[in-house]
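**Student:** I would like the entire structure built from these sequences, with the hints used as guidance.
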Amino acid sequence: MSHVSISHLWKVYPSHHDGDAVIALKDVSFDIDEHEFVCVLGPSGCGKSTLLRIVAGLESADYGHASTHGRPSVVFQEHGIFPWKNVEDNISYPLALRHAPRSERKAVVDRLVKMVGLSGFERFHPDQLSGGMKQRVSVARALADNGAILLMDEPFGALDEQTRVTLQQELLTIWEETRKSVLFITHSVDESLILADRIIVMSGRPGHILKDIRVPFQRPRSLAAIRRDPEYARITDELWTLLDQSQAESEEEAAR
Amino acid sequence: MTSSIQEPSQEVRHALKASLKQRKGSRAIRIIGPFTPLALLVIWEFASRFGWVDARFFPAPSSIFSTFVELLQSGVLMDHTVISLVRILVGFTLGAIPGVLVGVLLGSLEWARILFEPIFASMLPIPKITIYPLLMLIFGLGETSKWLIIAIGVFFTVMFNTLGGVLQTNLLLFDVAKANGANPWQQWAGVALPSALPSVFTGLKLALGGSFVVLAASEYVGSQSGLGYMIWSAWSTFSVSKMYVGIVVISVLGYCATSLVSLAQRLLVPWARR
Ligand SMILES: Nc1ncnc2c1ncn2[C@@H]1O[C@H](COP(=O)(O)OP(=O)(O)OP(=O)(O)O)[C@@H](O)[C@H]1O
Ligand SMILES: [Mg+2]
Numbered sequence: 001m002s003h004v005s006i007s008h009l010w011k012v013y014p015s016h017h018d019g020d021a022v023i024a025l026k027d028v029s030f031d032i033d034e035h036e037f038v039c040v041l042g043p044s045g046c047g048k049s050t051l052l053r054i055v056a057g058l059e060s061a062d063y064g065h066a067s068t069h070g071r072p073s074v075v076f077q078e079h080g081i082f083p084w085k086n087v088e089d090n091i092s093y094p095l096a097l098r099h100a101p102r103s104e105r106k107a108v109v110d111r112l113v114k115m116v117g118l119s120g121f122e123r124f125h126p127d128q129l130s131g132g133m134k135q136r137v138s139v140a141r142a143l144a145d146n147g148a149i150l151l152m153d154e155p156f157g158a159l160d161e162q163t164r165v166t167l168q169q170e171l172l173t174i175w176e177e178t179r180k181s182v183l184f185i186t187h188s189v190d191e192s193l194i195l196a197d198r199i200i201v202m203s204g205r206p207g208h209i210l211k212d213i214r215v216p217f218q219r220p221r222s223l224a225a226i227r228r229d230p231e232y233a234r235i236t237d238e239l240w241t242l243l244d245q246s247q248a249e250s251e252e253e254a255a256r
Numbered sequence: 001m002t003s004s005i006q007e008p009s010q011e012v013r014h015a016l017k018a019s020l021k022q023r024k025g026s027r028a029i030r031i032i033g034p035f036t037p038l039a040l041l042v043i044w045e046f047a048s049r050f051g052w053v054d055a056r057f058f059p060a061p062s063s064i065f066s067t068f069v070e071l072l073q074s075g076v077l078m079d080h081t082v083i084s085l086v087r088i089l090v091g092f093t094l095g096a097i098p099g100v101l102v103g104v105l106l107g108s109l110e111w112a113r114i115l116f117e118p119i120f121a122s123m124l125p126i127p128k129i130t131i132y133p134l135l136m137l138i139f140g141l142g143e144t145s146k147w148l149i150i151a152i153g154v155f156f157t158v159m160f161n162t163l164g165g166v167l168q169t170n171l172l173l174f175d176v177a178k179a180n181g182a183n184p185w186q187q188w189a190g191v192a193l194p195s196a197l198p199s200v201f202t203g204l205k206l207a208l209g210g211s212f213v214v215l216a217a218s219e220y221v222g223s224q225s226g227l228g229y230m231i232w233s234a235w236s237t238f239s240v241s242k243m244y245v246g247i248v249v250i251s252v253l254g255y256c257a258t259s260l261v262s263l264a265q266r267l268l269v270p271w272a273r274r
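Heads up: the protein sequence lines correspond to chains A and B, in order. The first sequence lines up with residues 1 to 256 when you count with full-length UniProt numbering. The second sequence lines up with residues 1 to 274 when you count with full-length UniProt numbering.
Since the hints were made in silico from the structure, they are not lab data.
A partial selection of chain B residues facing chain A, derived with a Cβ cut-off under 8 angstroms: (1) Leu172; (2) Asp175; (3) Val176; (4) Lys178; (5) Ala179; (6) Ala182; (7) Gln186; (8) Pro194; (9) Trp271.
Here are the simulated lysine-lysine pairs, BS3-like style, with alpha carbons at most 25 angstroms apart: (10) B:Lys178 x A:Lys106; (11) A:Lys106 x A:Lys85; (12) A:Lys106 x A:Lys134; (13) B:Lys178 x A:Lys85; (14) A:Lys134 x A:Lys85; (15) B:Lys178 x A:Lys134; (16) A:Lys26 x A:Lys211.
Sample of chain A residues with no beta-carbon within 12 angstroms of chain B, all distances over it, derived: (17) Gly131; (18) Gly132; (19) Arg219.
Just so it is clear, CB atoms sit at the ideal spot from N, CA and C, and this is done for glycine as well.
**Tutor:** As structure tokens, then:
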């Protein structure tokens with residue numbers, strides 16, 4: 001059963017300087033099955049965030065529709081944590097909205113704070129945190145929300161290599177346990193190869209799907225293990241070729 | 001945790017200390033700083049006594065102080081002060097509460113903003129004290145007209161600051177709330193209000209300062225009581241020291257009131273301080 005279904009999505013934005021509209025999404029269709037981890041890979045500005053916001057129900061499509069079977073939890077690209085709440089209260093925000101009991105909130109916060117490596121910072125306010133720490137808080141908040149579907153918009157984009165790898169592994173561990181359906185947006189080829197069951201490659205503006213690739217690696221995965229896999233070089237090559245092509249397309253688009 | 005890291009060397013420590021010191025400014029100057037107003041008083045005292053300035057207009061601080069003690073002992077000063085404070089309190093509350101409510105309302109409802117903001121904006125430039133005579137005609141010389149004239153000034157300042165605060169809210173935070181299933185009330189109380197709070201307090205402080213000006217002006221003309229009346233009547237009897245006492249007391253009250261709001265701000269909006 002598909003948990004997220006996206007069919008023939010179109011989205012345009014009015015452009016400010018001239019009359020031409022910006023086509024952010026052009027006929028985008030794909031499904032995410034239950035328990036499936038799908039990465040969307042594409043160049044900057046190709047409409048990945050727009051896609052995620054439509055799936056999250058925060059924006060409407062101009063044509064086509066997106067539906068989810070179950071409640072999505074969202075990690076936003078620009079973290080969006082509340083400046084007036086400390087780390088603890090930011091993470092437990094979804095639980096507080098639901099009036100979850102204090103003991104439950106505390107248990108969840110304790111576990112997640114440890115997981116994202118923020119132990120000792122529970123009482124810190126966002127302006128006392130680094131950019132990467134804020135991003136980790138927002139990941140923890142989405143995990144605290146614990147919806148059936150995870151929508152993540154470049155959640156590890158602002159992190160250093162080491163933390164990124166750690167959190168990727170943590171995310172995989174959680175995913176192995178919970179088997180949520182995940183829509184994960186990234187522009188990193190390696191990240192998509194480690195995480196995804198399927199990679200949807202998008203072109204530059206106007207954003208449409210270039211290819212839907214199944215990732216064959218065994219789970220549980222590690223970067224070291226998949227790099228030894230002979231398939232790794234082939235898929236990496238294929239992805240880079242597609243990305244180069246999408247770059248060229250969007251340059252053509254810009255030139256017109 | 002990081003005990004393996006070497007302590008900074010002597011040279012580095014000196015440099016760091018020197019830099020910290022430089023940022024703080026020289027110690028002597030920092031100690032003297034708060035006392036320069038006192039020095040001014042001392043100079044004033046001598047200038048007045050030795051006739052360098054006209055003592056009729058600039059009576060010596062010591063004689064102002066003795067007038068202050070006289071007025072205090074006779075109870076006159078206390079009466080005027082209490083009356084003025086009550087006027088501020090009532091007027092400020094009458095203006096601030098609707099100011100915050102209307103500001104948040106206009107900020108949250110686009111149709112209300114489009115329809116009603118022009119009305120408020122067109123009334124904003126009216127110097128509020130200019131409608132005081134009208135208020136006195138309608139409500140008479142009693143307390144009501146004074147409460148209202150203070151409230152009107154406070155309302156506009158608080159309302160526009162609150163509105164600005166709500167409009168500045170990071171829209172992403174509303175998305176976060178919505179994505180987590182916050183209902184409209186939770187979005188309002190959990191996102192719009194805290195986002196606007198820093199601006200609300202800016203408005204409250206500005207409005208409070210302004211309300212003392214309006215208070216004094218309204219007591220000059222339409223009153224037989226209050227600190228403004230005391231200052232005005234001192235003019236007609238040419239008791240300049242009494243005038244100064246009134247000025248100082250009003251300033252101190254204004255300062256204390258604003259400090260109280262600042263304190264409330266630090267307690268309620270701690271994230272905006274850093
Ligand atoms: N609210 C908006 N108003 C106007 N144009 C918008 C709006 N949101 C997005 N766009 C445009 O839509 C296109 C896609 O934006 P989107 O944020 O989805 O890109 P993205 O793929 O997430 O990029 P990145 O990887 O840099 O985050 C861009 O050209 C952008 O200018
Ligand atoms: Mg994006």
